[in-house]
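Protein chains in written order, with the working numbering: chain A, 1 to 233; chain B, 1 to 312.
Calculated directly from the structure, the hints in this document are not laboratory data.
Please note that the accuracy of each hint is not assured.
What the hints assert, rightly or not - EDC-like cross-link-like pairs, simulated, lysine to aspartate or glutamate; straight-line CA separation at most 16 Å:
#	chain 1	residue 1	chain 2	residue 2
1	A	Lys-59	A	Glu-5
2	B	Lys-308	A	Glu-52
3	B	Lys-103	B	Asp-78
4	B	Lys-171	B	Glu-9
5	A	Lys-16	A	Glu-5
6	A	Lys-65	A	Glu-5
7	A	Lys-95	B	Asp-78
8	A	Lys-59	A	Glu-30
9	A	Lys-95	B	Glu-213
This structure is a prediction, so every number in the text was calculated from the model and none was measured.
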Amino acid sequence: MIRFENVTATYPGQTKSALEQVSIDIEKGEFVFLVGASGSGKSTFLRMVLREARPTSGKVYVAGKEINRLASWKVPALRRQIGTVFQDFRLLPNKTVAENVGFALQVIGKPRAHIRKVVPETLELVGLDGMGARMPDELSGGEQQRVAVARAFVNRPMILIADEPTGNLDPTTSLGIMNLLDRINSTGTTVVMATHDVSIVDQMRKRVIELVGGHVVRDQSEGVYRSHGGGRH
Amino acid sequence: MQLRYVFSEARTGFRRNLSMTIALIVTIFVSLTLVGVGLLLQAQATKAENYWGNKLQITVFLCTANSRSPQCTNGAADEAQKQGIQDVLTSHPEVASYRFQTKQEAYDIWRRVYIGKDKSEQQVLSTVTVEDMPESYWVTLKDPQKYQGVEAAVSGMDGVNNVQDLRAVLKPIYEFINGMKIGALGVAAFLLLAAVLQVANTIRLAAFARRREIGIMRLVGASTLYIQLPFVMETLVAAVIGVVLAALAISALMFFKVYGGYFGLPPGLRSSPIVEWIDWWDAARAIGGIAILGVVLTVIPTLVMTRKYLKV
């Protein structure tokens, strides 16, 4: 589903690479944690999956497409297959919960009847049944993140990318979000989650890819947050 | 594609940037009006050129009893002198035809064009007689541009007071129209530059105000066109309003100044207008021109700026 082949990425004007010779293969339906300190290249990795960034050398395949060769007018089609969740939720404050979720379908031209049917279903799936008419600022942080997850998942993407989705949430709420992502993963959606949250990674026992200074230092199934004898954190 | 979103976004954008949009409309309006006036002046200059060019004649004025030219030492031109001039005109290769105008004809035209009911004009009328008017030959040339040959051939002849080339008389008028045209188009060019920069600023503000929506739209895979459309709509509406206002201004100018001016002329001139005036067809073409210009000069910077600011 996502394959990096010897990917090196250097931002313009910088000598040090954000990613260096990274090769990773993520299968369809996998749940992967991406861990590492700030500046280790996690964000660059996610940006490349979304084709917000492109590799300086090497190849990145997402959903069977090589992103470096993808014409820019085909990028929207790629992104429709990827849902994204952020630490800061990024909801539209002047739209209701249902409108926020529906927005993702509306702007890619889905018919209104489809939106009216799918949005309540998705809200129910994320545990926000009947809260569609609320405004985002009436919700707790955890609920807002559920809205964001609903928006990312409403188009049933093949890949869900989560960049520190629990970064602004307390441990109990975080657990709820993790259960939700796990549930989404069990529908066959590939989930890639970048995180600093030790307890969550240790608890979930999923595949862990650790980045240090742009290098993959560990790629372990059922891993924990800290690498053995690494001592880098 | 759901256009409802596009229109509602364009509408909110319009409201949000109201002062900016009004400034944009005013700039587009004034600059396009000036462009339109420039185009009308251009059309008028062309019309005048054709009109006078077709009728372009040189006029050979003969001596009267009062003439002071060296060739007029014997007083009014006599029959022998006239015959000599006619021979030259008949044999000259550049002359297409010529017509003789008598003193009486000259007097009638002068009286019709220059003498109104005004008291001082009546006084002038009472002192001028038919005998004061010069006889003249109105010479039509084969090629209006080549007037020098004929002029040289007759101007030194006895009995010729002076030779007048219509082109020389009209030159200041041409220059005036041209100056006005260059002035209008020059000012319009600066204003159009301002309009383009205002489009850029409006887009910048609108993109900033909608940056959350745009970020999400890009993320969920909305097409570039879909993201750009509300911006294009917003500036397009401003452009259309500006164009409509400019079209109204140009129509008003046509109605009150050109036609009003024409019908305000004294009857003598109205029946034989000194020049062919621009008509509604010219105005329609000028309006069509500014409509295209207005839309192009707002939509293209909008597309360029949205690409820059949205990085889509």
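Status of each hint after checking the structure:
no. : hint                 : verdict
1   : A/Lys-59 / A/Glu-5   : holds (5 Å)
2   : B/Lys-308 / A/Glu-52 : holds (15 Å)
3   : B/Lys-103 / B/Asp-78 : holds (14 Å)
4   : B/Lys-171 / B/Glu-9  : violated (56 Å)
5   : A/Lys-16 / A/Glu-5   : violated (19 Å)
6   : A/Lys-65 / A/Glu-5   : holds (13 Å)
7   : A/Lys-95 / B/Asp-78  : violated (99 Å)
8   : A/Lys-59 / A/Glu-30  : violated (20 Å)
9   : A/Lys-95 / B/Glu-213 : holds (11 Å)
Checked against the numbered hints listed earlier, the structure breaks hints 4, 5, 7, 8; every other hint is satisfied.
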